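> Based on the sequences and whatever the hints tell you, model everything.
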Amino acid sequence: MNFSVLQFPASNCDQDAVHAVRLLGHSARLVWHKDAALGDTDVVIVPGGFSYGDYLRCGAIARFSPVMQAVKQFADNGGLVLGICNGFQVLTEAGLLPGALIRNRDLQFHCENIFLKTATNDSPFTNKIPAGKILRVPIAHGEGCYFADAETLAKLKAHNQILWQYCDATGNLTDSANPNGALQNIAGICNEKRNVAGLMPHPERACEPLLGSDDGKWIFESIFAALKNKTVAQAA
Amino acid sequence: MKAKIIITPKKAVLDPQGKTVQTALAHMGYTGVTGVHIGKYIEIDLAPGTDKAAAQKALNDAAHKLLSNPVIEDYKLEIE
Chain A
1 MNFSVLQFPA
11 SNCDQDAVHA
21 VRLLGHSARL
31 VWHKDAALGD
41 TDVVIVPGGF
51 SYGDYLRCGA
61 IARFSPVMQA
71 VKQFADNGGL
81 VLGICNGFQV
91 LTEAGLLPGA
101 LIRNRDLQFH
111 CENIFLKTAT
121 NDSPFTNKIP
131 AGKILRVPIA
141 HGEGCYFADA
151 ETLAKLKAHN
161 QILWQYCDAT
171 GNLTDSANPN
181 GALQNIAGIC
191 NEKRNVAGLM
201 PHPERACEPL
211 LGSDDGKWIF
221 ESIFAALKNK
231 TVAQAA
Chain B
1 MKAKIIITPK
11 KAVLDPQGKT
21 VQTALAHMGY
31 TGVTGVHIGK
41 YIEIDLAPGT
51 DKAAAQKALN
61 DAAHKLLSNP
71 VIEDYKLEIE
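Line by line, the protein sequences give chains A and B. Mapping of the first sequence onto the numbering used here: residues 1 to 236, in sequence order. Mapping of the second sequence onto the numbering used here: residues 1 to 80, in sequence order.
These are computed hints drawn from the structure, not numbers from a lab. Computed from a predicted structure; not experimentally measured. Treat each hint with caution, since some may be false.
[As the list claims (entries may be wrong)] Keeping only pairs whose Cα atoms sit at most 27 angstroms apart, straight-line, the calculated BS3-like set for lysine-lysine is: (1) A:Lys-155 x B:Lys-65; (2) B:Lys-65 x A:Lys-72; (3) B:Lys-11 x B:Lys-40.
Pasting the structure below:
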């Protein structure tokens, strides 16, 4: 399977994402932000970093780059897109995901390990995460507080679009386990069609025991499984 | 000609910067401050003789698409 990892000026988790995908046995390559085409691609990863210096708002400028027009089309055709951290911000700015990410409630940049509860296995990004498994993955962001108006939030819930929520080590969705003040402890969501997802934590930094946790691999394994099923379905 | 755009966080959106500054003002003894909202101010230079109505329309479009994020921010546009 081919992963395309976008590369904007000041992306800094692009190489980590490529490394994680290759480590887990699939092929990944970088796609420059000025490229107007993705090439042979099964999955797009919009990586973390500070695209275009986070000028104006996080993700606001990246959204207009040539490559993002190709990503929009790819997503419209049902392609899988995962935005991590700054990538999540880019996807909300681009209107591919609802809501917005705003300044952490304590105004601090948080760089730490957190715990994640998977809210549903019904998505290409969560289907392989073992039931009840609490994922320990790092976060590193200053603007990760998820916000959406009441109507959008109700829609997210009605369509089961909340994928991950911050929790404590035993899986309770407490306020003290919420690192940034995100509404409903939301760490990651998907769109209504379920082919585009974004999350603030960094699964690509937690795919091997050497890094302290390999829980992040479950998210990638879910994507691999979803693609495999799709290929089988197409062949049949 | 100049366009001035003031961007502020929507009322329903958490504004931790505003809250922190409000608390600091209270600590300094400034009484009667009931709210602080921190946003952005953007000044755009326009070529002399630009049609005001056309600029208004174009900048509203730009403010909606790029300069502000309508999910979390409101904006006010003035051209002078």
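> Starting from Lys-65 (chain B), check that the Cα of Lys-72 (chain A) is at most 27 angstroms away, please.
16 angstroms, holds
> Hinted pair, alpha-carbon criterion (27 angstroms max): Lys-11 (chain B), Lys-40 (chain B). Please report holds or violated.
The hint holds at about 15 angstroms.
> Within a Cα-Cα threshold of 27 angstroms, do Lys-155 (chain A) and Lys-65 (chain B) meet the stated pairing?
Judged against 27 angstroms, a Cα distance of about 23 angstroms means the pair holds.
In this structure, none of the earlier numbered hints is contradicted; all agree with it.
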